[in-house]
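Dock chains B, C and D against chain A, hints included.
Protein chains in written order, with the numbering used here: chain A, 63 to 356; chain B, 63 to 356; chain C, 63 to 356; chain D, 63 to 356.
Note that these hints are calculated values from the structure, not bench results.
Do not rely on the hints blindly, as some may be mistaken.
To give a feel for the contact side, a few chain D residues facing chain B, derived at Cβ under 7 Å [what the hints assert, rightly or not]:
#1 GLY118
#2 PHE137
#3 GLU312
#4 PRO317
#5 PRO319
#6 SER322
#7 VAL323
#8 VAL329
#9 ILE332
#10 ALA333
SDA-like, lysine to any residue: derived pairs with alpha carbons at most 25 Å apart [stated by the list, open to error]:
#11 A/LYS302 / B/VAL272
#12 C/LYS302 / D/THR263
#13 B/LYS302 / D/ALA298
#14 D/LYS283 / C/GLU133
#15 D/LYS302 / B/GLY258
#16 A/LYS302 / C/ASP129
#17 A/LYS302 / C/GLU161
#18 A/LYS283 / B/GLY287
#19 B/LYS217 / A/VAL272
#20 D/LYS302 / B/ALA314
#21 D/LYS97 / D/PRO186
#22 B/LYS97 / B/MET63
#23 A/LYS302 / C/LYS302
#24 A/LYS217 / B/GLN274
#25 B/LYS283 / A/GLN218
#26 D/LYS302 / B/ALA164
#27 C/LYS283 / D/VAL219
#28 B/LYS283 / A/VAL195
#29 C/LYS283 / D/ARG220
Every residue gets a Cβ at the ideal spot worked out from N, C-alpha and C, and that includes glycine.
Number of protein chains: 4
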Amino acid sequence: MRIGFVGLGRMGSGMAARLVAAGHQLVVFNRTRGKAASLAARGAAIAEAPAEAARGVDALVTMLSDDAAVEEALFGGDGAARTLPRGAVHVSSSTISPELSARMAERHAAAGQRYVAAPVLGRPGIAERGELVVLAAGAPDALEASRPILDAIGKQVRVVGVEPPKANVVKLAANFVMAVTLEALGEAYALVESGGVDDATFLDVLNGAVLQSPFVEAYGKRIAGNAFAPAGFRLALGAKDVRLALQAAERAAVPMPLGSVLLYRFVAAIAGGHADEDWAAVGRVSTARRGTIV
Amino acid sequence: MRIGFVGLGRMGSGMAARLVAAGHQLVVFNRTRGKAASLAARGAAIAEAPAEAARGVDALVTMLSDDAAVEEALFGGDGAARTLPRGAVHVSSSTISPELSARMAERHAAAGQRYVAAPVLGRPGIAERGELVVLAAGAPDALEASRPILDAIGKQVRVVGVEPPKANVVKLAANFVMAVTLEALGEAYALVESGGVDDATFLDVLNGAVLQSPFVEAYGKRIAGNAFAPAGFRLALGAKDVRLALQAAERAAVPMPLGSVLLYRFVAAIAGGHADEDWAAVGRVSTARRGTIV
Amino acid sequence: MRIGFVGLGRMGSGMAARLVAAGHQLVVFNRTRGKAASLAARGAAIAEAPAEAARGVDALVTMLSDDAAVEEALFGGDGAARTLPRGAVHVSSSTISPELSARMAERHAAAGQRYVAAPVLGRPGIAERGELVVLAAGAPDALEASRPILDAIGKQVRVVGVEPPKANVVKLAANFVMAVTLEALGEAYALVESGGVDDATFLDVLNGAVLQSPFVEAYGKRIAGNAFAPAGFRLALGAKDVRLALQAAERAAVPMPLGSVLLYRFVAAIAGGHADEDWAAVGRVSTARRGTIV
Amino acid sequence: MRIGFVGLGRMGSGMAARLVAAGHQLVVFNRTRGKAASLAARGAAIAEAPAEAARGVDALVTMLSDDAAVEEALFGGDGAARTLPRGAVHVSSSTISPELSARMAERHAAAGQRYVAAPVLGRPGIAERGELVVLAAGAPDALEASRPILDAIGKQVRVVGVEPPKANVVKLAANFVMAVTLEALGEAYALVESGGVDDATFLDVLNGAVLQSPFVEAYGKRIAGNAFAPAGFRLALGAKDVRLALQAAERAAVPMPLGSVLLYRFVAAIAGGHADEDWAAVGRVSTARRGTIV
Numbered sequence: 063m064r065i066g067f068v069g070l071g072r073m074g075s076g077m078a079a080r081l082v083a084a085g086h087q088l089v090v091f092n093r094t095r096g097k098a099a100s101l102a103a104r105g106a107a108i109a110e111a112p113a114e115a116a117r118g119v120d121a122l123v124t125m126l127s128d129d130a131a132v133e134e135a136l137f138g139g140d141g142a143a144r145t146l147p148r149g150a151v152h153v154s155s156s157t158i159s160p161e162l163s164a165r166m167a168e169r170h171a172a173a174g175q176r177y178v179a180a181p182v183l184g185r186p187g188i189a190e191r192g193e194l195v196v197l198a199a200g201a202p203d204a205l206e207a208s209r210p211i212l213d214a215i216g217k218q219v220r221v222v223g224v225e226p227p228k229a230n231v232v233k234l235a236a237n238f239v240m241a242v243t244l245e246a247l248g249e250a251y252a253l254v255e256s257g258g259v260d261d262a263t264f265l266d267v268l269n270g271a272v273l274q275s276p277f278v279e280a281y282g283k284r285i286a287g288n289a290f291a292p293a294g295f296r297l298a299l300g301a302k303d304v305r306l307a308l309q310a311a312e313r314a315a316v317p318m319p320l321g322s323v324l325l326y327r328f329v330a331a332i333a334g335g336h337a338d339e340d341w342a343a344v345g346r347v348s349t350a351r352r353g354t355i356v
Numbered sequence: 063m064r065i066g067f068v069g070l071g072r073m074g075s076g077m078a079a080r081l082v083a084a085g086h087q088l089v090v091f092n093r094t095r096g097k098a099a100s101l102a103a104r105g106a107a108i109a110e111a112p113a114e115a116a117r118g119v120d121a122l123v124t125m126l127s128d129d130a131a132v133e134e135a136l137f138g139g140d141g142a143a144r145t146l147p148r149g150a151v152h153v154s155s156s157t158i159s160p161e162l163s164a165r166m167a168e169r170h171a172a173a174g175q176r177y178v179a180a181p182v183l184g185r186p187g188i189a190e191r192g193e194l195v196v197l198a199a200g201a202p203d204a205l206e207a208s209r210p211i212l213d214a215i216g217k218q219v220r221v222v223g224v225e226p227p228k229a230n231v232v233k234l235a236a237n238f239v240m241a242v243t244l245e246a247l248g249e250a251y252a253l254v255e256s257g258g259v260d261d262a263t264f265l266d267v268l269n270g271a272v273l274q275s276p277f278v279e280a281y282g283k284r285i286a287g288n289a290f291a292p293a294g295f296r297l298a299l300g301a302k303d304v305r306l307a308l309q310a311a312e313r314a315a316v317p318m319p320l321g322s323v324l325l326y327r328f329v330a331a332i333a334g335g336h337a338d339e340d341w342a343a344v345g346r347v348s349t350a351r352r353g354t355i356v
Numbered sequence: 063m064r065i066g067f068v069g070l071g072r073m074g075s076g077m078a079a080r081l082v083a084a085g086h087q088l089v090v091f092n093r094t095r096g097k098a099a100s101l102a103a104r105g106a107a108i109a110e111a112p113a114e115a116a117r118g119v120d121a122l123v124t125m126l127s128d129d130a131a132v133e134e135a136l137f138g139g140d141g142a143a144r145t146l147p148r149g150a151v152h153v154s155s156s157t158i159s160p161e162l163s164a165r166m167a168e169r170h171a172a173a174g175q176r177y178v179a180a181p182v183l184g185r186p187g188i189a190e191r192g193e194l195v196v197l198a199a200g201a202p203d204a205l206e207a208s209r210p211i212l213d214a215i216g217k218q219v220r221v222v223g224v225e226p227p228k229a230n231v232v233k234l235a236a237n238f239v240m241a242v243t244l245e246a247l248g249e250a251y252a253l254v255e256s257g258g259v260d261d262a263t264f265l266d267v268l269n270g271a272v273l274q275s276p277f278v279e280a281y282g283k284r285i286a287g288n289a290f291a292p293a294g295f296r297l298a299l300g301a302k303d304v305r306l307a308l309q310a311a312e313r314a315a316v317p318m319p320l321g322s323v324l325l326y327r328f329v330a331a332i333a334g335g336h337a338d339e340d341w342a343a344v345g346r347v348s349t350a351r352r353g354t355i356v
Numbered sequence: 063m064r065i066g067f068v069g070l071g072r073m074g075s076g077m078a079a080r081l082v083a084a085g086h087q088l089v090v091f092n093r094t095r096g097k098a099a100s101l102a103a104r105g106a107a108i109a110e111a112p113a114e115a116a117r118g119v120d121a122l123v124t125m126l127s128d129d130a131a132v133e134e135a136l137f138g139g140d141g142a143a144r145t146l147p148r149g150a151v152h153v154s155s156s157t158i159s160p161e162l163s164a165r166m167a168e169r170h171a172a173a174g175q176r177y178v179a180a181p182v183l184g185r186p187g188i189a190e191r192g193e194l195v196v197l198a199a200g201a202p203d204a205l206e207a208s209r210p211i212l213d214a215i216g217k218q219v220r221v222v223g224v225e226p227p228k229a230n231v232v233k234l235a236a237n238f239v240m241a242v243t244l245e246a247l248g249e250a251y252a253l254v255e256s257g258g259v260d261d262a263t264f265l266d267v268l269n270g271a272v273l274q275s276p277f278v279e280a281y282g283k284r285i286a287g288n289a290f291a292p293a294g295f296r297l298a299l300g301a302k303d304v305r306l307a308l309q310a311a312e313r314a315a316v317p318m319p320l321g322s323v324l325l326y327r328f329v330a331a332i333a334g335g336h337a338d339e340d341w342a343a344v345g346r347v348s349t350a351r352r353g354t355i356v
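The shape of chain A in the complex, shown without the other chains:
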């Protein structure tokens, strides 16, 4: 397939590399040019603007940092929406609001374009290996058309519905539960430490005997070891996702008491200078003892 790819951040560059490796013909665009070089070396063409990346393609993939970036890339001055051919499919993998996803679905439909929301679970290293979990939602024909892309970037493709925003809300809710878990581990560690028990002993009981989750195991060790740099997923991005979850909830009049406090914890962590650390740091910041982390 001929594929336009917009957004070559840490996740996007791994995903684009997988598409090249799968034999697709890529035209890539990134605001910061340097990031496109290694893809160009593997045969990808470099576009000067989103509009150029979308011209004449079978599919457009976007992997950007937030709603504003996606809106600009699609509908801004040199946006991709105006050049994407009729019938082509836009695969939107960014973590964005369900609301923007719904608006894109409408505008693409009005332009005769197709649209699939396909946010992903996983981190940069996993993206490079093509082993992301893809949460996909869209019309059956659009999903069908984007299959080769989804299969190239993901080890699992989970279709969660026909309406694209469903994939976005599932992504936000999953990140919310993960973020709560990080903060809860941090608070639990602080509690057991106050009783003279070390984190590892507690984690061993909690996960060994109760939760038995590889996620808890990995992050539990990371928090126990205060190993927050380099970040697998930046705390500031985690804050953004929690905020998106709360905004979607508020729009639907869904109260989220834990979620509300959780966002405050992320803000406090950012205020404490931890924005660029791994999001697992939120668990330490909230209950840090003097002299250690805050």
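Below, chains B, C and D alone, put in the same frame as chain A:
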């Protein structure tokens, strides 16, 4: 061994039955007499007071509902502490405050008695099968002396330290993380439902692709199915454990922001009439849509 | 002065009437036409679009419900920004984000127009009497030019700075403290009621002996009497203001723990069907006894 | 009257001095002896134990720091309850749980003694001037009997009911609203500061134009000036009162969402080393900028 057993609630009666089955000689006491009948039928003697249950035994096991009940059974008018022989070991399996545990350790030591804190993870059905996880802390000789008991009630015995309160704080912290998870699942469900996604689809993604925890799987299904009666673990008891965790934290000047809100959610659930349902109900109550649960 | 006035909601129509009464020449615009009729009867001209209301005026006053409405009225298709004369002053009285206020300041400056942020404290009846408290911020010359307007709508004009967003942040912070107070009163009432003390007795002690605030007196009685309709200030608008405060705080990495929970309470109140009641209802919803309000 | 007085802390010594000044005959007891010296110099007798202070008196006044201290002084080894004459009245001014107040009411009644709950609002300097606000609850005859005492210590005596715990719950609820206000002021200051507005300007608007409360004025200035030492009311005691409010609420299944977060803020403040500062410090700690207070 000759064992006194005080507290034949849903957990205690299962544990006591395991001890009888393992060949120990039991003298049991329960405030409400009726509950001792089935154990008596299997050969246990029935005591009229805690003091009687503790007289002449090698070990005393207590499994009561809260600090007050334990204090009364041990140090009240007809309490077990005054009759427990020197050298005998008190195995305290109740979920109580680390503070009371520390006080009992002192008083038993002063009386030449031994003391092991051995709170357990698991529910009544699991207690009946002798498959609890036992969190034990105590002096090596006391742990040694109580081994036959711990092995009879647990499939795993995890020693978390020499000072008894360590086992209690680990128990509280583990229950705290579990309780947070229940509430977080409920809030996440409410969020995805507002986007038209059903709970099962979300759980499938969350646990299938991310957490991979049998705990999340079981409780996630329970909450999705609004299956809160009969209770595996009563919500009112869950509230008590969260409160104990917060009190222990406060005593040590450990702030627990999520924990603080979590306790409020349990209180709200109790205010809503859910005290006797399974503690998983907390996740529904907090974010219930009109007409459903609150 | 010749004044364009955009936004004739409950607050705006009272303010516009004061300006007419003070002898100014008004051109008014409101999306819903009917609301302009009574002003037309008093001599105001009716415009077909914001752009028309701003053409040739000395000053433009906007009093709209939120950021989106202000952006549309100023910079939308038929927006006022394009017709407002050079040198004319835009007096923005809506409760909006400091961020939008900063953007308007820039754009007006670039167009040679002047800009004053002048959000107000008070309710519709007070607006009709011209007794609002005006929080004004802007360059001295712009403030000077808008004085006749500010004096006509307010009994007090408090200048809080030269940079316009300062007035907006002060407005949001003041509303935040007021909203916290409403919720706190509700929780305190629930507590004393649980002890058999009626709300009025408690309010008498709290305000009579401690706070001595007319605000607490008035709202305290309103909450005690469950008198939430008709709304003086709609709960949904109160929620908006708390959200704006939190967003401004988050943007500046300022953690607001009480504020975070407060927003959740407003969302819960809206979920409970109280969006159109007075914002004082938030205090009841949060802790309502079964069968009463939630 | 012949009055036993137990508890000569900062509040108690001021109150006792007023009673001496009013011509009553005092027998005082304090665990730390030194504090009784200045009262002895004014003619008060010094007791060796609470039991001695209560022997043969017309009334007993207790002003102690918490439930445990009151229980010990009344019902401990050398407690006052056993010597207080039949018909004498115990005036309990400590800030304690409604639950303990109810228990004391019962025990005094059973012993033929009378009991009035009379917690006070005000700080040490105010106690010295006899200008406290007394919240009194008790049977009419008991209130009548304690009138000379209440009038000597208070400028206002507000009777809130016949059942003593009512006075205690009103005291806790009033302190809760005050504490919320302190935290809310701190968060609001942090918000306006982030927008470049100084605290004093904001306070001037908030209190001058809206709340008009002397309480807000005084504490607002204190927080603006970071003037937390010496403490008028120690933060650790404020934390205790918020905890008591939450415990009373929980016991009655009254959810207090703001209250829950508020207690966490006090714990965080204590964790930050502010236990001995004025409770107004809670407002700074929660949202302190780096390098200032936390």
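Here is what the structure says about each hint:
1. Taken as an interface hint, D/GLY118 does not check out: its beta carbon lies about 32 Å from the nearest beta carbon of chain B, beyond 7 Å.
2. Checking D/PHE137 against chain B: minimum C-beta separation of about 16 Å lies over 7 Å; hint violated.
3. Hint status for D/GLU312 relative to chain B: holds, with the closest Cβ pair at about 5 Å, below 7 Å.
4. Satisfaction of the interface hint for D/PRO317 is found here, the shortest Cβ-Cβ separation to chain B being roughly 4 Å, below the 7 Å cut-off.
5. With 7 Å as the threshold, the beta carbon of D/PRO319 comes within range of chain B, its nearest partner Cβ sitting at about 5 Å, so the hint holds.
6. For D/SER322, the suggested interface contact is upheld, since its CB lies about 4 Å from the closest CB of chain B, less than 7 Å.
7. At a threshold of 7 Å, the smallest CB-CB gap from D/VAL323 to chain B is about 6 Å, leaving the interface hint in force.
8. For the restraint placing D/VAL329 at the interface with chain B, the shortest Cβ-Cβ distance is roughly 5 Å, inside the 7 Å limit, so the hint holds.
9. Restraint check, D/ILE332 versus chain B: the minimum CB separation of about 5 Å is within 7 Å; hint holds.
10. The criterion of a C-beta within 7 Å of any C-beta in chain B is met by D/ALA333, whose closest approach is roughly 4 Å, and the hint holds.
11. At most 25 Å may separate the alpha-carbon atoms for a hinted pair to count; A/LYS302 and B/VAL272 meet this at roughly 20 Å.
12. For the hint pairing C/LYS302 with D/THR263, the CA-to-CA distance comes to about 24 Å; that is within 25 Å, so the pair holds.
13. A threshold of 25 Å between alpha carbons decides the hint, and for B/LYS302 with D/ALA298 the separation of about 24 Å falls inside it, so the pair holds.
14. A hinted pair counts as satisfied when its Cα atoms are at most 25 Å apart, and D/LYS283 with C/GLU133 does not qualify at roughly 37 Å.
15. As the CA atoms of D/LYS302 and B/GLY258 are separated by approximately 45 Å, the hinted pair breaks the 25 Å bound.
16. For the given pair, A/LYS302 sits about 20 Å from C/ASP129 by alpha-carbon distance, which is consistent with the 25 Å threshold.
17. Restraint check for A/LYS302 and C/GLU161: satisfied, since their Cα atoms lie roughly 18 Å apart, inside the 25 Å limit.
18. For the hint pairing A/LYS283 with B/GLY287, the CA-to-CA distance comes to about 33 Å; that exceeds 25 Å, so the pair is violated.
19. Distance hint between B/LYS217 and A/VAL272 is fulfilled; the C-alpha atoms sit about 13 Å from each other, no more than 25 Å.
20. For the hint linking D/LYS302 to B/ALA314, the alpha-carbon distance of about 14 Å falls within 25 Å, and the restraint holds.
21. Between D/LYS97 and D/PRO186, the direct Cα distance comes to roughly 14 Å. Compliance with the 25 Å bound is thereby established for this hinted pair.
22. Under the criterion of a C-alpha separation no larger than 25 Å, the hint pairing B/LYS97 with B/MET63 is consistent with the structure, at around 22 Å.
23. Straight-line distance between C-alpha atoms of A/LYS302 and C/LYS302 comes to about 19 Å, which keeps the hinted pair within the 25 Å bound.
24. Our distance criterion of 25 Å between C-alpha atoms is met by A/LYS217 and B/GLN274, whose separation comes to about 16 Å.
25. Under the criterion of a C-alpha separation no larger than 25 Å, the hint pairing B/LYS283 with A/GLN218 is consistent with the structure, at around 22 Å.
26. As the CA atoms of D/LYS302 and B/ALA164 are separated by approximately 22 Å, the hinted pair is consistent with the 25 Å bound.
27. Between C/LYS283 and D/VAL219, the direct Cα distance comes to roughly 22 Å. Compliance with the 25 Å bound is thereby established for this hinted pair.
28. Restraint check for B/LYS283 and A/VAL195: satisfied, since their Cα atoms lie roughly 22 Å apart, inside the 25 Å limit.
29. Restraint check for C/LYS283 and D/ARG220: satisfied, since their Cα atoms lie roughly 19 Å apart, inside the 25 Å limit.
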